[in-house]
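> Protein chains in written order, with my numbering: chain A, 1 to 301; chain B, 1001 to 1355; chain C, 2001 to 2241.
Each hint should be verified, as a subset may be incorrect.
[Unchecked claim] Straight-line distance between alpha carbons at most 20 Å, and here's what the computed SDA-like set of lysine to any residue pairs gives:
| id | chain 1 | residue 1 | chain 2 | residue 2 |
| --- | --- | --- | --- | --- |
| 1 | A | K198 | C | Y2017 |
| 2 | A | K97 | B | M1300 |
| 3 | A | K198 | A | R171 |
| 4 | B | K1191 | B | V1172 |
| 5 | A | K198 | C | I2221 |
| 6 | A | K97 | C | K2064 |
| 7 | B | K1191 | B | Q1304 |
| 8 | A | K198 | A | D187 |
| 9 | A | K97 | B | Q1304 |
| 10 | A | K97 | C | D2012 |
| 11 | A | K97 | C | A2042 |
| 12 | A | K97 | C | R2112 |
| 13 | C | K2059 | A | P94 |
| 14 | B | K1311 | B | V1182 |
| 15 | A | K97 | C | S2230 |
| 16 | A | K198 | C | A2042 |
| 17 | C | K2064 | C | R2112 |
| 18 | A | K97 | B | K1311 |
| 19 | A | K198 | C | R2112 |
| 20 | C | K2025 | C | Q2005 |
| 21 | C | K2059 | A | R152 |
| 22 | A | K97 | B | P1303 |
| 23 | A | K97 | C | V2237 |
| 24 | B | K1191 | A | V105 |
| 25 | B | K1311 | B | L1109 |
| 26 | B | K1191 | B | F1321 |
| 27 | A | K198 | A | R89 |
FYI, nobody ran anything at the bench for these hints, they're computed from the structure.
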Amino acid sequence: MNFELLTYPVVVAQFFVDGLGRGVMYGLMGMGLALIFGIMGLINFAHGAFFMVGTYLMYFVAVQLGVPFPIAIIAAAVGLFCIGAVLERTLISPLRKRMGENWLVDGYVMTIGLLIMLENLALIVMGPRDHGIARLVEGRTMISGIIVTYERVVVFVVAILVVLGLAAFMRYTNIGRAIRATSEHPDAAMAMGIDIRKIYTITFALGSALIGGVGGLLLSTYPAFPTIGSDVLLKSFIVVIVGGLGNVWAAMVAGILLGLIESYAQGIAASGWQNSIIAAVVVAVLVFRPAGLFSKSVSRP
Amino acid sequence: MKISSLWGYLGAGLALLVLLLVPPLADNHYITAVFVSVLLFFILAALFDFMLGYLNIFNFGMGGFMALGAYTSGLLTHHFGISPWIGLLAGGCSTLLLGLFAGVITLRLRGIYIGLTTLFLAEFVLFALSNLREYTRGAAGLQVSTFPDLFGISFGRGDPLSLYYLLFVICVVIYASLHFLVRSRVGLVFKAIRDDQLGTSVLGFNVVRYKLLNFAVASFFTGVVGAFYGNYIGILVPTTQEFGISRTTEILTIAYVGGRGTLWGSLLGAFALIGLQEGFRVIDEWRLVLYGAFLVFVLMVFPQGLAGAVKQLAGWVEARFTGSAQQEDPEQKASTGPAQDGPEVTPKLPDRKVP
Amino acid sequence: MTNTQPCLVVEDLRSGYERDVAVIKDVSMQAARGSVTGLIGANGAGKSSFLKSVLGYLKPQSGKVSFEGEEITGFRPDVSCSLGIAYLMEGHSVFPSLSVEENLLLGMWPWRHDRNRVRAALERAYDRAPVLMERRQTTSGLLSGGQQRILELERLYMTDPSLILLDEPSLGLAPKLAAETFERVESFSKEGIAVVLIDQNVRRVLEISDYAYVFQLGEVILEGTGTSLSKDVGNIVKEFI
Chain A
1 MNFELLTYPV VVAQFFVDGL GRGVMYGLMG MGLALIFGIM GLINFAHGAF
51 FMVGTYLMYF VAVQLGVPFP IAIIAAAVGL FCIGAVLERT LISPLRKRMG
101 ENWLVDGYVM TIGLLIMLEN LALIVMGPRD HGIARLVEGR TMISGIIVTY
151 ERVVVFVVAI LVVLGLAAFM RYTNIGRAIR ATSEHPDAAM AMGIDIRKIY
201 TITFALGSAL IGGVGGLLLS TYPAFPTIGS DVLLKSFIVV IVGGLGNVWA
251 AMVAGILLGL IESYAQGIAA SGWQNSIIAA VVVAVLVFRP AGLFSKSVSR
301 P
Chain B
1001 MKISSLWGYL GAGLALLVLL LVPPLADNHY ITAVFVSVLL FFILAALFDF
1051 MLGYLNIFNF GMGGFMALGA YTSGLLTHHF GISPWIGLLA GGCSTLLLGL
1101 FAGVITLRLR GIYIGLTTLF LAEFVLFALS NLREYTRGAA GLQVSTFPDL
1151 FGISFGRGDP LSLYYLLFVI CVVIYASLHF LVRSRVGLVF KAIRDDQLGT
1201 SVLGFNVVRY KLLNFAVASF FTGVVGAFYG NYIGILVPTT QEFGISRTTE
1251 ILTIAYVGGR GTLWGSLLGA FALIGLQEGF RVIDEWRLVL YGAFLVFVLM
1301 VFPQGLAGAV KQLAGWVEAR FTGSAQQEDP EQKASTGPAQ DGPEVTPKLP
1351 DRKVP
Chain C
2001 MTNTQPCLVV EDLRSGYERD VAVIKDVSMQ AARGSVTGLI GANGAGKSSF
2051 LKSVLGYLKP QSGKVSFEGE EITGFRPDVS CSLGIAYLME GHSVFPSLSV
2101 EENLLLGMWP WRHDRNRVRA ALERAYDRAP VLMERRQTTS GLLSGGQQRI
2151 LELERLYMTD PSLILLDEPS LGLAPKLAAE TFERVESFSK EGIAVVLIDQ
2201 NVRRVLEISD YAYVFQLGEV ILEGTGTSLS KDVGNIVKEF I
């Protein structure tokens, strides 16, 4: 333990900036998972694998084809949108149709199957080797002694844009309204003439696109590797549970919280105990506030 | 009825015969090792299914539970020189406590929330084990001593067959206990709780007690199997592949492929998936892709798993055999016919015409 | 409207939740434009399941459903609803976390690309129910039960349906509000819409129904004009409900 460091304001501020940067990444990771869970009730265990596919897509488009980074990130998101749509239509939708109310357990076992397939396919095709980029944006600046890389700033701005964009999409577009309506009352949504199968497909594809794009965005921090997704999946789970399953905005707040905790914990104690502590915190949240840390209701699911 | 139970005995006899005779007849370390993993995964999947298939408890912490059993036994023998035989029981007991704890904290949770809680509980155990380097040696690995001789039989790692038979006995004991439980009144209550928790509690059953019983039994046996596994592999490393999500995923896959709610289905699942893995060693790297594809395929095509497919097949053969295939009784239309003594209002025929 | 062809014609409809178990057993009925068709019967008699089968929430096992002369048997609910059938399901059907206006906009989903039509329909709905105008930005879950029912009815009506299926519109409402709801239902039929009505209040249903069917155990055991059934309402209630 080294609390002495915390007596220097610059160090504390630096930890804060680092934690914020990291937390925003975790928040971004959790959003797709939260969206899919919130609307469909499905826990997507292939979430991390989708991230992995996103990093590879980014690598190919940006490095192999030499396309500018912003376009490559969008390409990764679009690629995952298509993959998500196809998987939902071919695998998840039939399962929901057949199982009726009880499809959820089978649904997440299905995504586990997807996860195993995708990870090992990546291993065969790409081999156990990192494919990454040094950084998205060059350069950094000092603000009164605190180092801020431009990359952090870019990720931060993108995160804000994604949160606002998603909020606007959900609020002001017909599809966004239909997605919210379907998650609240699928039968009534059908009575409005909404084809809820399409809505589920769009939702799953959108959640996949989010995590795919995030995979592209974070390629420099998380280089493409077949099992890179398992850590991402765990982090996303933590963020989504702490924020409240299915709550997209709270996932971002929980992500930042997690990033800050990790940053300060690592600054003070260099051991691996913060992992145990975070796991314990997650268990406590699940037991005492299953609806999430920030939800007003303490109702149990 | 008679014939279907006959099928059961036939299947059980065949399984026992294969499990008992093939490894010694093959007399080949590789075959024995394959059979050890079949038995290990079979019993772990059966335990997983005992929770999921009968009480809808999604224990996503199987790997961590195993780890606790394995480490309890390993640490006790390593630091205190306690016999690994006692270590088996000690591993079971410590895991039982973990299971009871998990049971108590998840009592009021449901479905995926139980799964996530057990998952992170197991992650906590695993992180803690790798952090307690002074005792567990962390990632460097903890040596586990072998079982001492018993009744003049050597259980060293040079004698895989005797270890195999030891595991066989453990599996028989566990399977018999689970089978007895699910076939008894307790099993009926389990199913009742699974289908309608509130209704069952209203009938006067103590739902809490039954849930904890399920957790306790499954966790104890998981710990015992974990302790055996530790002794079998000889060195414990707290990795995800050994004791983390990956391990749980494998167990879950086998339980699912075998068929939910049928303990014996797990044996089919274990044979199918381990067989698949070993059979396809030639195309080495593709076998795990096949593993995932097989899981997806079974979910899509055989929702009841291989056990369901076998049951269907047996039912079909039986129907052929006894000739009682379909006895479609004519619709009992008379039973709910129109009321005879209704008030005499307008006649029943529609008085409006469709042009 | 002088078109004599019934708006909804159901012939020998059979359906159920499981493959071999029929809950609705060969039910035939019709609903004419500009009239109210009542469905009455005890709880569990199959009235709601019948409506669900007509709309496609339950897949019919056999029989035929025609709407405006076109067969719609087994169509998905969202398709049936886009054709001009409006359905008020049992219980609550507002989207509670969406605002009143968002709920109304969703009612126009099949015509969402026709902005002028959506805007006009919205304005007319606000004209008819000023309370919705006042509270249009309110989260609809916060509305009172009566206001939610008004929202649901206006959301149905604004789509210009030719057939409205109502499942228990007065359930859970205070007597005054229930009476207003029945008036609103009658007004639908006066505008030429075919209305099919299920309600616990048998007397009231028979009063406003031009024609009614009595359900028991998934079958129609009695039918007749509203007035003829009304005369025997005491017996009907005693025998079948």
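> Look at each hint and say if it fits the structure.
Okay, the hints, checked on the actual structure:
| no. | hint | verdict |
| --- | --- | --- |
| 1 | A/K198 to C/Y2017 | violated, 24 Å |
| 2 | A/K97 to B/M1300 | holds, 11 Å |
| 3 | A/K198 to A/R171 | holds, 18 Å |
| 4 | B/K1191 to B/V1172 | violated, 23 Å |
| 5 | A/K198 to C/I2221 | violated, 40 Å |
| 6 | A/K97 to C/K2064 | violated, 23 Å |
| 7 | B/K1191 to B/Q1304 | holds, 16 Å |
| 8 | A/K198 to A/D187 | holds, 14 Å |
| 9 | A/K97 to B/Q1304 | holds, 16 Å |
| 10 | A/K97 to C/D2012 | violated, 26 Å |
| 11 | A/K97 to C/A2042 | violated, 31 Å |
| 12 | A/K97 to C/R2112 | violated, 27 Å |
| 13 | C/K2059 to A/P94 | holds, 16 Å |
| 14 | B/K1311 to B/V1182 | holds, 18 Å |
| 15 | A/K97 to C/S2230 | violated, 43 Å |
| 16 | A/K198 to C/A2042 | violated, 37 Å |
| 17 | C/K2064 to C/R2112 | violated, 30 Å |
| 18 | A/K97 to B/K1311 | violated, 23 Å |
| 19 | A/K198 to C/R2112 | holds, 16 Å |
| 20 | C/K2025 to C/Q2005 | violated, 25 Å |
| 21 | C/K2059 to A/R152 | violated, 54 Å |
| 22 | A/K97 to B/P1303 | holds, 13 Å |
| 23 | A/K97 to C/V2237 | violated, 39 Å |
| 24 | B/K1191 to A/V105 | holds, 17 Å |
| 25 | B/K1311 to B/L1109 | violated, 33 Å |
| 26 | B/K1191 to B/F1321 | violated, 32 Å |
| 27 | A/K198 to A/R89 | holds, 9 Å |
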